[in-house]
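What follows is each chain in one-letter form.
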Amino acid sequence: MTLTTEERRRQFETEALPHLDAVYRYAQTLTGDPTRAEDLTQETMLKALRAWHQFERGSNARAWLLTILRNTFINEYRRRQHQAETVDLAAIEPYHVFEEVQDVDPEGRFFASIVDDEVLRAIQALPEDFREVVLLSDVEGFPYADIAKMLDLPIGTVKSRLFRARHALQRRLYDYAVEMGYVKRRAS
Amino acid sequence: MSDERHSLDCRQAVEHLYEYLDQEITPEIRHEVERHLRTCGDCLQHFEFERAFLRFLEARARARGASPDVKRRILRELFGTEGA
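Those protein sequence lines, which keep their order, are chains V and H.
Our numbering numbers the first residue of the first sequence as -1 and each following residue consecutively.
Our numbering numbers the first residue of the second sequence as 2 and each following residue consecutively.
Just chain H, same shape as in the assembly (with noise of 0.2 Å):
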């Protein structure tokens, strides 16, 4: 248990869980929570809950873009009156 010194509890982990999924973080920091997780199977589990949420949104958000008809007008929109 010598190993407890500095070591966060589950409330102050999780105050670091956005900034240590966004690598926003001190590698200081990044130490101790990586310490509380080795320890701690919940909030192991919070964490990648939250990764995994984290990732379903990029996936999702991302597959909205320009549709090929969108494209085609802008292209000739930016092009076409270039005489190009």
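Next comes chain V alone, as it looks inside the complex (with noise of 0.2 Å):
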């Protein structure tokens, strides 16, 4: 059955349409840049809408958007790609934030006096391929077998590289409130 253009822009606002912040996002997370993550949107959501017709009805039009996006990302932009400085993952010690904060902030109010731009400057500063499980997880809220699926990798490399990313960020954003004064280092 073709659908009209009328149909198709109809169906294109009401499933595709809701999830532009959601695709913005992700463009934002893999560009690092407002610009290119506008133009890298712009293409995805063009891309989608001429292909509007392989999109099947009732499945995950987010998941389907992002994997657009990721694909056009890869193809075109990671070429053409500045690659910022990341942290090495390697180099942080897989262990809690947790157990420094235990006894002066244990229910982890200090997070709630971080601006979200130091947040979104630690996001940024993880290497591409764990901010992207990150944002999939723990911002979009996709099952780690999702995630599996649209980044082509086995379970366990989402859970591993999800976890370390945390750890990191973790890490990060409490050294942070530590310097801006917004919890004490416990004394050693």
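In case anyone wonders, no lab produced these hints; they're calculated from the structure.
Among these hints, one or two may not hold up.
To be verified - Chain H regions said to be covered by chain V (calculated; three or more residues, Cβ under 8 Å):
| no. | segment |
| --- | --- |
| 1 | 15 to 25 |
| 2 | 51 to 57 |
| 3 | 62 to 69 |
As the list claims (entries may be wrong) - With a straight-line cut-off of 20 Å between C-alpha atoms, the simulated EDC-like cross-links for lysine to aspartate or glutamate are:
| no. | chain 1 | residue 1 | chain 2 | residue 2 |
| --- | --- | --- | --- | --- |
| 4 | V | Lys147 | H | Asp23 |
| 5 | V | Lys157 | H | Glu20 |
| 6 | H | Lys72 | V | Asp31 |
| 7 | V | Lys45 | V | Glu4 |
| 8 | V | Lys147 | H | Glu20 |
| 9 | H | Lys72 | V | Glu13 |
| 10 | H | Lys72 | V | Asp37 |
| 11 | V | Lys147 | H | Glu25 |
| 12 | H | Lys72 | V | Glu41 |
| 13 | V | Lys157 | H | Glu16 |
From a predicted model like this one, the values you see are computed outputs, not experimental measurements.
Here a beta-carbon is modelled for each residue, glycine too, at the ideal position from N, C-alpha and C.
Please assemble the complex out of the two chains, which come individually in their own frames, going by the hints.
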């Protein structure tokens, strides 16, 4: 059955457009640059609109859009990507910040003092492979299995990247909070 | 203490921490983790701390959507060129 332009537009508006923020967030995560993120978002949405007949109605439109975005990024953007300095995750000790704040702020109230921009900077400082797993899991809420499928990785790899990325983020945000005086570093 | 037969120790419970919070765990292990948490205040506090961290991360990172200007430009590009 062929859709008229009007039907296609209506379906796209109801099923794809509500995910525009998620598409843009993923584009920002991958490119790390607002202008390129906008270009990538636009290109993704255009491709999705043109390929709308291939979308299986009732399946996960957000996952479909993010997969188009990722392929576009890999094929057309990564080559031109200026690789920003990222943290060396191997150098991050896999211990929990909780152990350091247990006596002074066990509920993690200091997190509330951290500004959005610092959180985004911390995410951007992760290596790309880890950044996208955090975004897909912790921001977009996809289950491990969906992420594994979208990134074409074994579930074990998704988990280990996710857990290491969380440790690195937590560590960085904790150090920032200490620096800003939001939480006291435990006397050693 | 007869309930301790197969119960997890703190290290084992924390190994399942993220899978537990992400709800990516089998019912059996979930049960074991919860049994440990009922008897271990330190681990319970640790799990609650991590839960708070993940909620914080989601809320803050989600704040970053496309601005109204960006959305307008994208919509114009999408449908403007289609003559719609």
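**Message:** Run through the hints listed earlier and report the numbers of any the structure violates, in increasing order.
**Reply:** none
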